[in-house]
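Asker: Take a look at the letters that make up each chain.
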Amino acid sequence: MAGAKEVTVVTYRGIFQEVEEALGMYSDGYRDQSAIVSLDGGDIKELGVEDGQPVILETGSGKVVVAAKLSEDPHPGLAFMPSSPWSAQLVSGEVEESGFLDLKSFMAKVSLSPAKEAVTSIEEIAERIKAP
Amino acid sequence: MAFCTGCSLLCDDIEVDFEGGKIGRTMNLCRKGRGHYDSLCVDRLAPTVDGSEVGIDDAVSKAAEVLAGAENLLLFGWGNSTLAAQKVGVEMAKKLGCVIDDPSSYSQGLITETILKGELPTCTFDDVRNFADVSIYWGDDPSSSHPRHLSRFSYFPRGEKRQRGYEEDREAIVIDVRKSPTAEIAADGFFKIPPGGDGDFMGALMATLGGKIPKVEDKKKMLNLGTKLRKSKFGVIFTGLGLAHSVKGELDEFVSLVGKLNELTRFSVIPSLGDYNTRGFNQTLFDETGHVDRVSFKDGVNHGPEFGIAKYLDACDAVMVVGSDPAAVLPASLARKLAKIPMVAVNSHRTFTTDAAKVTVPIAVAGLEAGGSALRTDGVKVEFDAVVKSDYLPDVEVIERIMEAV
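Top to bottom, those sequences are chains B and X.
Just so we're on the same page, our numbering is the position in the first sequence counted from 1, plus 503.
Just so we're on the same page, our numbering is the position in the second sequence counted from 1, plus 495.
Calculated directly from the structure, the hints in this document are not laboratory data.
Do not take every clue at face value.
Claimed, not checked - Computed footprint of chain B on chain X; a stretch qualifies when at least three of its residues, placed anywhere within it, have a C-beta under 8 Å from a C-beta of chain B: (1) 558-570; (2) 635-641; (3) 656-670; (4) 867-874.
What the hints assert, rightly or not - Away from chain B, derived, C-beta distances all over 12 Å, residues of chain X: (5) Arg526; (6) Val537; (7) Tyr601; (8) Glu783; (9) Asp850.
Every residue, glycine too, gets a C-beta built ideally from N, C-alpha and C.
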């Protein structure tokens, strides 16, 4: 399907994100460093996405809109995303028999936002968590 | 000199000037550390009950009420707490006969526990700086998570037997799925693996060290790595979340690999732990129970996956979170479960977790507003003093007051 692709998302911690987190999770700076997904050059072209454009990331566990970022290095089929409340929306809460919880990688569908939705706000994620 | 509790390196050479209660000029802080210092004046937590601000005494009383009324209580967090607070936390878990756990149950707890049991050799950062000629960063990106790791200890500095530093005396190897900032520094020493490919990489390296031809695409590079490791005098493997999540609680292959390296030369392991005193909590609980996390004191000492936060949320009817933000980290479905449980949150700052808590109790920032002690991620104990006056109570005092009130 044009404009959509399955990718393996791997999460990581970035120093700029950690700085913004220390200065307040509800800040624009934290959102700008966290609500992003780095995509391979070929994949981003295939999706018809431009650097910085909002894309939808969706798994069986949830959905968020984040900004696409063009990676300098090639990594087809792989996407990298800072570990944050945005990535946590997409991770399965299924706990393995050993009790281990894999927060590091998951499969997700990345697609263009047809309605040009804005990046999901941290306030919306907080509301989702507190919803009855 | 001041300490930085921004990460588990606990840098002890910080100079700081305060200008009207705010951080002014600083020396030796990394970017992350400066953010940690600047946070002193941002988003501080207030004492609240059901979202309304109250006095600290009322918040403590209400917190005790929530804990006292629980049959299946979970005490969680502790990585950003002083050793004294952690000790009181473990005492509280014993006294109340409840479950105690920390984020290591979904990160590097198994690696730390294996080290504490003596099944993986370890060393201090001072040993690394003075003697290590090979640093392997496995699923670990300290340039982002522990920014002064390479400059103070593991790659750039001159040491007793490493006078030429990184130019001639040290090798950096990075094994990761992503070309991280640390991988950029390692340049040719970067081994890119697919997600979950750590086990295959260990197998190939074991084969290489055993004199066999590895089953990998770039055989020459792997053989060169084997030669480099065999020839090294003292190597250290720094483990990160990438490795911990890839092996999914199965550490046998990694232990075998480190054993094999120690047949050929000398190798140690140091985990790069996240919060400033994760190692302290793991050690404190280990000394008491023989386990670093996921312990229940309900009927004696019991340990198992059912007592990790991920599973215990189904059973518990109250939770106290100290110095941690699980609501921001856990998968959304688990964060929602957590938010529905009556919760007491003890923290210096406002977080996702404090926003979802029934009761919040603020504390001072350790290392800046309060003194105490902690274990660096290599297990070395450090003691620090307060460097600025504060009205916030130290964490140990708050936990003690809650325990007394319970």
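Asker: Against each hint, give a clear statement of whether it holds in the structure.
Answerer: Hints versus structure:
1. 558-570: Three-residue rule not met by the stretch 558-570 of chain X, so violated; n is 0.
2. 635-641: Coverage by chain B holds here, the residue count being 4 at a Cβ distance below 8 Å.
3. 656-670: violated (count 0)
4. 867-874: The restraint on the stretch 867-874 of chain X is violated, since only 0 of its residues have a Cβ under 8 Å from chain B and three are required.
5. Arg526: Arginine 526/X is in fact no farther than 12 Å from some Cβ atom of chain B, at 6 Å.
6. Val537: At roughly 5 Å from the nearest Cβ of chain B, valine 537/X sits no farther out than 12 Å, so the non-interface label is violated.
7. Tyr601: It is violated; tyrosine 601/X is separated from chain B by about 4 Å at its closest Cβ, not greater than 12 Å.
8. Glu783: holds, 20 Å
9. Asp850: It is violated; aspartate 850/X is separated from chain B by about 6 Å at its closest Cβ, not greater than 12 Å.
Hints 1, 3, 4, 5, 6, 7 and 9 from the list above are not met by this structure, while the remaining hints are.
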